[in-house]
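2 protein chains.
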Amino acid sequence: MRYRLTVNLEKQTVDRKDLPEEAAWLGGRALLDSILLAEVPPTCHPLGPYNKVIIAPGLFAGTTMPTAGRLSIGAKSPLTGGIKESNVGGMAGIVLSQLGMGALVIEGEFSSPSLQVLLIRQDSAEIVEAPELKGLGNYDTVAALKERFGQKVVIISIGPCGEMKMAAATVAVTDNNGRPCRHAARGGLGAVMGAKGLKAIVIDPQGARPLKAVDAPAFSKAVKEYTKIVQSSKRTTFLQENSTAGLVDVNHARGSMPTRYFTAGSYERKDAINAERLKELIRQRGGSMGHTCMRGCVIRCSNVFNNENGQYLTSGLEYETIVMMGSNLDIDDLDTIAQIDFRCDNYGMDTIEIGATLGVLAATDLFVFGDCKRAIALIDEIGQGTVLGRILGQGAVTTGKIFGIRRVVAVKGQSLPAYCVQSIKGLGVTCATSPQGADHTSGFVSEEPLSREGHVERSRDSQINMVIADSLGLCLFTGLRAEHNLFVRLVGPLTGKIPTEADIRSIGRDALWQERTFNTRAGFGPGHDRLPEFMNTEPLPPNDTVFDVEDEQLDRVFGEYPGHS
Amino acid sequence: MRYRLTVNLEKQTVDRKDLPEEAAWLGGRALLDSILLAEVPPTCHPLGPYNKVIIAPGLFAGTTMPTAGRLSIGAKSPLTGGIKESNVGGMAGIVLSQLGMGALVIEGEFSSPSLQVLLIRQDSAEIVEAPELKGLGNYDTVAALKERFGQKVVIISIGPCGEMKMAAATVAVTDNNGRPCRHAARGGLGAVMGAKGLKAIVIDPQGARPLKAVDAPAFSKAVKEYTKIVQSSKRTTFLQENSTAGLVDVNHARGSMPTRYFTAGSYERKDAINAERLKELIRQRGGSMGHTCMRGCVIRCSNVFNNENGQYLTSGLEYETIVMMGSNLDIDDLDTIAQIDFRCDNYGMDTIEIGATLGVLAATDLFVFGDCKRAIALIDEIGQGTVLGRILGQGAVTTGKIFGIRRVVAVKGQSLPAYCVQSIKGLGVTCATSPQGADHTSGFVSEEPLSREGHVERSRDSQINMVIADSLGLCLFTGLRAEHNLFVRLVGPLTGKIPTEADIRSIGRDALWQERTFNTRAGFGPGHDRLPEFMNTEPLPPNDTVFDVEDEQLDRVFGEYPGHS
Numbered sequence: 000m001r002y003r004l005t006v007n008l009e010k011q012t013v014d015r016k017d018l019p020e021e022a023a024w025l026g027g028r029a030l031l032d033s034i035l036l037a038e039v040p041p042t043c044h045p046l047g048p049y050n051k052v053i054i055a056p057g058l059f060a061g062t063t064m065p066t067a068g069r070l071s072i073g074a075k076s077p078l079t080g081g082i083k084e085s086n087v088g089g090m091a092g093i094v095l096s097q098l099g100m101g102a103l104v105i106e107g108e109f110s111s112p113s114l115q116v117l118l119i120r121q122d123s124a125e126i127v128e129a130p131e132l133k134g135l136g137n138y139d140t141v142a143a144l145k146e147r148f149g150q151k152v153v154i155i156s157i158g159p160c161g162e163m164k165m166a167a168a169t170v171a172v173t174d175n176n177g178r179p180c181r182h183a184a185r186g187g188l189g190a191v192m193g194a195k196g197l198k199a200i201v202i203d204p205q206g207a208r209p210l211k212a213v214d215a216p217a218f219s220k221a222v223k224e225y226t227k228i229v230q231s232s233k234r235t236t237f238l239q240e241n242s243t244a245g246l247v248d249v250n251h252a253r254g255s256m257p258t259r260y261f262t263a264g265s266y267e268r269k270d271a272i273n274a275e276r277l278k279e280l281i282r283q284r285g286g287s288m289g290h291t292c293m294r295g296c297v298i299r300c301s302n303v304f305n306n307e308n309g310q311y312l313t314s315g316l317e318y319e320t321i322v323m324m325g326s327n328l329d330i331d332d333l334d335t336i337a338q339i340d341f342r343c344d345n346y347g348m349d350t351i352e353i354g355a356t357l358g359v360l361a362a363t364d365l366f367v368f369g370d371c372k373r374a375i376a377l378i379d380e381i382g383q384g385t386v387l388g389r390i391l392g393q394g395a396v397t398t399g400k401i402f403g404i405r406r407v408v409a410v411k412g413q414s415l416p417a418y419c420v421q422s423i424k425g426l427g428v429t430c431a432t433s434p435q436g437a438d439h440t441s442g443f444v445s446e447e448p449l450s451r452e453g454h455v456e457r458s459r460d461s462q463i464n465m466v467i468a469d470s471l472g473l474c475l476f477t478g479l480r481a482e483h484n485l486f487v488r489l490v491g492p493l494t495g496k497i498p499t500e501a502d503i504r505s506i507g508r509d510a511l512w513q514e515r516t517f518n519t520r521a522g523f524g525p526g527h528d529r530l531p532e533f534m535n536t537e538p539l540p541p542n543d544t545v546f547d548v549e550d551e552q553l554d555r556v557f558g559e560y561p562g563h564s
Numbered sequence: 000m001r002y003r004l005t006v007n008l009e010k011q012t013v014d015r016k017d018l019p020e021e022a023a024w025l026g027g028r029a030l031l032d033s034i035l036l037a038e039v040p041p042t043c044h045p046l047g048p049y050n051k052v053i054i055a056p057g058l059f060a061g062t063t064m065p066t067a068g069r070l071s072i073g074a075k076s077p078l079t080g081g082i083k084e085s086n087v088g089g090m091a092g093i094v095l096s097q098l099g100m101g102a103l104v105i106e107g108e109f110s111s112p113s114l115q116v117l118l119i120r121q122d123s124a125e126i127v128e129a130p131e132l133k134g135l136g137n138y139d140t141v142a143a144l145k146e147r148f149g150q151k152v153v154i155i156s157i158g159p160c161g162e163m164k165m166a167a168a169t170v171a172v173t174d175n176n177g178r179p180c181r182h183a184a185r186g187g188l189g190a191v192m193g194a195k196g197l198k199a200i201v202i203d204p205q206g207a208r209p210l211k212a213v214d215a216p217a218f219s220k221a222v223k224e225y226t227k228i229v230q231s232s233k234r235t236t237f238l239q240e241n242s243t244a245g246l247v248d249v250n251h252a253r254g255s256m257p258t259r260y261f262t263a264g265s266y267e268r269k270d271a272i273n274a275e276r277l278k279e280l281i282r283q284r285g286g287s288m289g290h291t292c293m294r295g296c297v298i299r300c301s302n303v304f305n306n307e308n309g310q311y312l313t314s315g316l317e318y319e320t321i322v323m324m325g326s327n328l329d330i331d332d333l334d335t336i337a338q339i340d341f342r343c344d345n346y347g348m349d350t351i352e353i354g355a356t357l358g359v360l361a362a363t364d365l366f367v368f369g370d371c372k373r374a375i376a377l378i379d380e381i382g383q384g385t386v387l388g389r390i391l392g393q394g395a396v397t398t399g400k401i402f403g404i405r406r407v408v409a410v411k412g413q414s415l416p417a418y419c420v421q422s423i424k425g426l427g428v429t430c431a432t433s434p435q436g437a438d439h440t441s442g443f444v445s446e447e448p449l450s451r452e453g454h455v456e457r458s459r460d461s462q463i464n465m466v467i468a469d470s471l472g473l474c475l476f477t478g479l480r481a482e483h484n485l486f487v488r489l490v491g492p493l494t495g496k497i498p499t500e501a502d503i504r505s506i507g508r509d510a511l512w513q514e515r516t517f518n519t520r521a522g523f524g525p526g527h528d529r530l531p532e533f534m535n536t537e538p539l540p541p542n543d544t545v546f547d548v549e550d551e552q553l554d555r556v557f558g559e560y561p562g563h564s
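Chains E and F, in that order, give the protein sequences. Per numbering that gives the first Met the number 0, numbering through the first sequence is continuous, rising by one, with the last residue being 564. Per numbering that gives the first Met the number 0, numbering through the second sequence is continuous, rising by one, with the last residue being 564.
Bound-form chain E, shown alone:
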């Protein structure tokens, strides 16, 4: 039986209890949503004592299933004001699950100015003081904690942005090499940890063992089938060879690659930042392609990027970062982008939100598109918390507000990811309607990208299926979404309680309903399910398209708002 650990920082207590029977099929996002809705008052201040940080490994995390060890981290978001689940790779999901943990709930508010660290071992959990970590970046934090608690520990941590309670602050998770380069990046969850005075969670893997399925042979058989599907997919080959940087050419060709803050969907100098260029630099300098963020991954979409001297600079240089810090800022230099990526990981800030924020700032005289040095300097200002940095660290919407700039590309306070949805309209429907705010991982839709019709069902199904994947712990890139029958044959043998395909779908549908219920009570209404108005009227080159899906269709994705019906 998986357990739930409740840590109250105010009372300085830890409490370990079995998860209830009815949570048998719930992991990751679905489990997190159910706890958040039940226990966090939707109208509470996100940085106040009533908010909780909830961490839950996906249901398959820690089993023999590869590429299924994702971790959900959530809270009421300081960026959106609504519910937030941010999904992250790295080793924490696997190890927490193998130690038996189903959910970790961090509540209360630590009032001392000293920072706290939660230390989780096989049979214990304790809160320890760590004033020496104050202001440290994630890399130094991880080094100090390994020094103190052993080199093998897996670490979840925040950088100075989280300590400063910035709405773009991330939660970092160490990867397969022990580096804090995988991030639950969206929605400002690092600020919620920071507000609670919790700098890090240290997990000692001693005693971690792969989870045993109730019906091991049946589970093993289904895992083989699953692995074969993933390994034989063209997507896997593409990602192994190109990492997500391969999406640069795809989105450039489709006209959906944000350039100069979403004023164009293709970039004339995309060859300077695409996968070919990335691979060329990695060949020259060392580093690696086909890197894994978690143990045993069969997709291996990550990479390690070295600097000009052949020394490690950053890992997981991803499509989103390359575009939001590259073409989006008219920066055509992978070295600059990689330096920014390292800094963002180290300070603990979301590269999507901050890339968007610098894009907004380009409408003032404080930043000029293409200025690499200034971009790096501004990232440093955020990490150091100068007055300007404090503005930028709150993200694009706040920055736009401060400087009187109306053209901000965000939904529910969260910036759009690296997709111009005027040229991939199904994804626009998801970005508008997702309870998570604008997010490509909430339900990707790429069919008929320029059509204004037909996306309602696609987006709804994709959002439901994405919640299922986020709940089972499946990486987005397994590509598995609608394979509910296979999920039946995995979940049943693992848990000993056999679901129907309808039960699987219910995991996704119910969780989405819970997210929307939370948001409604937090004060959201249909008026929040909208893209910025200029996207409806400003034609986007090269397709010269606008986002013209009608409001009425957006409202049909989920029908009535819960409680508004």
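Hints are computed from structural coordinates only; laboratory data are not their basis. It should be emphasised that the depicted structure is a prediction, and the values quoted were computed from it without experimental measurement. Errors might be hidden in some of the hints.
If several chains are the same, the list does not tell them apart, and a pair holds so long as it fits within one copy or across any two.
Claimed, not checked - EDC-like, lysine to aspartate or glutamate: derived pairs with alpha carbons at most 20 angstroms apart:
(1) Lys233 x Glu317
(2) Lys496 x Glu532
(3) Lys133 x Asp364
(4) Lys10 x Glu537
(5) Lys372 x Glu106
(6) Lys145 x Glu131
Given chain E's structure and the hints, the job is docking chain F onto it.
Quick look at chain F alone, frame taken from chain E:
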């Protein structure tokens, strides 16, 4: 027949039409609400082309009725994101009405960087360029416009804060002495004018004549009755003798006077900023008490405050400003407060919102309570638009966000006025539930201030009656609220169409419903009708009370949200 003037800045057109027959009883806030709901898309960007600035004199403005010439200015608010009507004195309401205008609607977005001025004459309206006004304060703007268009013009204008699109930017209206010291201060309406590139509206009073009632003898009789009620009221005597500064002692005694940013409800040095001290300084230096903001006012609550050399410094030194810039910041010096008041009027910023903002800032090392020089310097930073000033100019909620400060006293993004509602709970119910955001003028409730029960009906009635007053053009201080029978005998003879008492009540009820409908469509829900959570738990000295009216009661003030039912 009153006319509606529609000014499209994008097309550079002006269009004059009679108001429709069914608007006969509608003026001010009710008329404004109906136009806003019908014509402004609730989800539009407040600073974008789809928002409109709507200006409407109260129904009685320009008649022989004294103290009834208030003007409503409204738009979708950049501060709250909801509907906003801000009510202002000064001469514009009377003069516009006497020129026959019922409503002025400013739409579209002027794309040139040059500023525009709207010139309204008896028989014409035209848009003229005024690049020379760029960056000017309201006092210099008014001086320049009088130089250009004649000394007798009445002016509605914005200062640099409006030009910079700050969410705390006001719209200034010249008073009975031609000074830009009466402000439609709340909700950032100056930013909406600024976003449209409209610096000022110049009204030439040539041809303005008191409005004739359809049944002049009956109207005249009712006006006499009204005037007698107002003149004989104790409130009138109190305000004439003390101006609103008299409320310092009242609120101090009740324990509802914000001190050191709402951490106490009484101020140990209140004698340094109360009415007695104000009158003492005015006696010593000249200036005046019993001053009128508009012609013919029988209440005369305004004052003129001179500096130490006996020269004019500011006018209308009001309770809200004295407290929000005084005890709220631990500033016990009326000279400092008056200097701040002048600067706020000149830069065009809301003294309530900015006083609250400096209170929030006191939680950082950027401001220390009681530092008069620093407070003035920070006001100047806002007016000059430094990076820090840009933050502060967005108000308390944004400032709190930027600096990671949770303890912010606001509802729907708008700061509470100078009342600690833990010690005047009925007003707290209004501040929580008003569609306007926290606002003492939306429905004052002072009965049983420490009781947690009994305020639902009081607040509802007070909010409805306040809309009626705001629609008829009555000053808040007439004290007339529930005198629906008298209103019948005024509205009937004036318009020639006799209402019932129920019709009068409907004016208020329908307009509130329209405001709430707009807000719902803009994305508001019951979750927004809440005071900040710390007010429910943090006892406020000297009464050591918390705001303990239950959420369920707050939701009962208006019942279901429109469209949520």
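- Hint numbers contradicted by this structure: Hint check: 2, 5 fail, others pass.
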